[in-house]
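Q: Make a model of the complete structure from these sequences and hints.
If you read the sequences in order, they're chains A and B. With this note's numbering applied, the first sequence corresponds to residues 388 to 717, in that order. With this note's numbering applied, the second sequence corresponds to residues 379 to 497, in that order.
Fair warning: there could be bad hints in the mix.
Unchecked claim - To spell it out: a stretch of chain A is covered by chain B in this simulated footprint if at least three of its residues, at any positions, have a beta carbon under 8 Å from a beta carbon of chain B; those stretches are:
(1) 390 to 398
(2) 403 to 412
(3) 452 to 461
(4) 478 to 485
(5) 501 to 509
(6) 538 to 549
(7) 690 to 696
Hints are computed from structural coordinates only; laboratory data are not their basis. Cβ atoms here follow ideal geometry from the backbone N, Cα and C, with glycine treated the same way.
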Amino acid sequence: MFDTAVIIETVVKAVIVVAVIAALAGFATFIERKVLAFMQRRLGPMHVGPYGLLQLAADGIKLFTKEDIIPQNAIKPIFMIAPVIAATTAFVAMAAVPYFPEFTLFGYTIHPIISDINVALLYVMGVASVGIYGPLLAGMSSANKWSLLGAARAVVQMLSFEVVSGLSVLAPIMMIGSLSLIDINDAQTGGIGDWLIWKQPLAFVLFAIAGFMETNRAPFDTVEFEAEIVAGYATEYSGMRWGLFFIGEYANMITISVLVSIIFMGGYNAFWFIPGGLMMLLKVSFWIFLFLWVRAAWPHVRPDQLMWVCWKVLMPLSVVNIVITGFALL
Amino acid sequence: MSENLFLASCIVAFLTLFLPLLFLASARLGPRSETKNKHMLYESGISSPIGTSEGRMSAKFYLIAILFVLFDVEIIFMFPWALNLRELGFLGLFEMLTFILLLAAGLWYVYRIKALSWQ
Chain A
388 MFDTAVIIET VVKAVIVVAV IAALAGFATF IERKVLAFMQ RRLGPMHVGP YGLLQLAADG
448 IKLFTKEDII PQNAIKPIFM IAPVIAATTA FVAMAAVPYF PEFTLFGYTI HPIISDINVA
508 LLYVMGVASV GIYGPLLAGM SSANKWSLLG AARAVVQMLS FEVVSGLSVL APIMMIGSLS
568 LIDINDAQTG GIGDWLIWKQ PLAFVLFAIA GFMETNRAPF DTVEFEAEIV AGYATEYSGM
628 RWGLFFIGEY ANMITISVLV SIIFMGGYNA FWFIPGGLMM LLKVSFWIFL FLWVRAAWPH
688 VRPDQLMWVC WKVLMPLSVV NIVITGFALL
Chain B
379 MSENLFLASC IVAFLTLFLP LLFLASARLG PRSETKNKHM LYESGISSPI GTSEGRMSAK
439 FYLIAILFVL FDVEIIFMFP WALNLRELGF LGLFEMLTFI LLLAAGLWYV YRIKALSWQ
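A: In C-alpha cells, the structure reads:
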C-alpha cells in the first residue's frame, strides 16, 4: 500500500516536527516569563544559569519527577486520558502545515510538510477542534466544581470560536480558490503588496481574534482564570499530566502563528533580501511575541462579554465580509 | 494523497502518544509519599469541600452548543461554494446569498429570544 521510502520520509519528518515543536513549546514558557517580566520592569528568572536560561531545564526536571496524583472522586480512565487528547490533537494538526520553502539536501528535494494534501486548511481546523475534548473531559472527570465550570466555559468559548474562524477564513479561500496551504502561500509570491492582509483586513483581524480564543490566551482566558475558577479544567491536574495541557496550549499557539503567517502574511516567500525560511521564522516569532504582548497589556474579559462579542459582533461581521468579497470578486 | 495523510496522521499521533507515556513513566523517578489529605479535592485549602461537582449548569451552555451545531454545519456547506466561486458565477453567489439570508434570519431569531444574552 505504501512505498517504503515514503514511510521512512514521513517518519523522519514527523519525528523532527514533534521534537522541535515540543522543545519550542518548552522554550516558549521561558520566553513568556522573560517578556512578561520586562514589560512589568522586572528581570524574570535570573538565578539558574546565565540570564536564567537553565530555568527551563530546572522546571522540566521538577515536572518530570513530580508525583502523579489522581484525586479521590475522579473518573480515573477519563481523567488520565484527557491531557493526552489535548496534546495529541495539537500535534496531529501540524501534519498538514508547511513550514519552509522546499530545499535540496544531499541531492533530494525536501518538502518541509509531513503530508501535502489539498484540503490542508479544513484538516487543520477539524483536528484542532477535536482538541475541545481535552478540557471538556478533564473538567467533567475531575469531580471538582471549578473544573466543571472551567470545562463548560472552555466548550462554549471554543465552539463560538469555531464559527468565527470558519467564517473568517472563507473569504481568503474564495479569493484563492484552494484549501491547500501551499497554494495559499504561492498566491502571495509578489512581495509585501501581495499579502492577503491588505485585501482581507477584516478577515485577518477576525481570524487573529479567533486564534486568541482557540488557544485560551489572554484576554480570552476565561477558561482558566485564577481569580474566578482557580485553574479551570486543570485544577486537579499536577505534574506531567498538567504539563501535557501546557505543551498542547503552546503547540496550538505555534500552529495558529504559522497559519496566520501563511494565510495572511505572505507565508514563506522570500522578501527583498531575506530568504523565505528566515522570513517564516520572523513572522512566527512576531506572532508568539504578540500573544505575550497582549497578555501583558490587556485585562481579561468576562465570559458573557466574550459570548456577546463572538455571536453579535464578530459573526455578523464575518458574514458581511464574505458577501462583500463575493461581489468584489465577480 | 489521502492515504499519505492517513499515514502521516497515524505516525504523528503515535509519536505524540509515545511522548506522554515517556513523561508519565518519568514520574516514577521522583519520591512518593502518602498523606491523608493528598487526594482530597482542591478547594483553596478548605479540608472539607463545600457542595458537589454535580451542580446544575446554566442552560445557556447547552443552548450555545446546539447553536454551534446549526451554524457550523452551515459553514461547512459554504466551503465547496467558496472553492468554486468563479465557476459558479453570479447564479451561485445569489443562491449563497439566499442561504446566508436564511442563516441571518436564524441568527436574528436567536437574538430575539435572548439566547445570546447572558444576564
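Q: Hint by hint, say whether it matches the structure.
A: Here's how the hints hold up against the structure:
no.	hint	result
1	390 to 398	holds (count 4)
2	403 to 412	holds (count 3)
3	452 to 461	holds (count 9)
4	478 to 485	holds (count 5)
5	501 to 509	holds (count 6)
6	538 to 549	holds (count 6)
7	690 to 696	holds (count 4)
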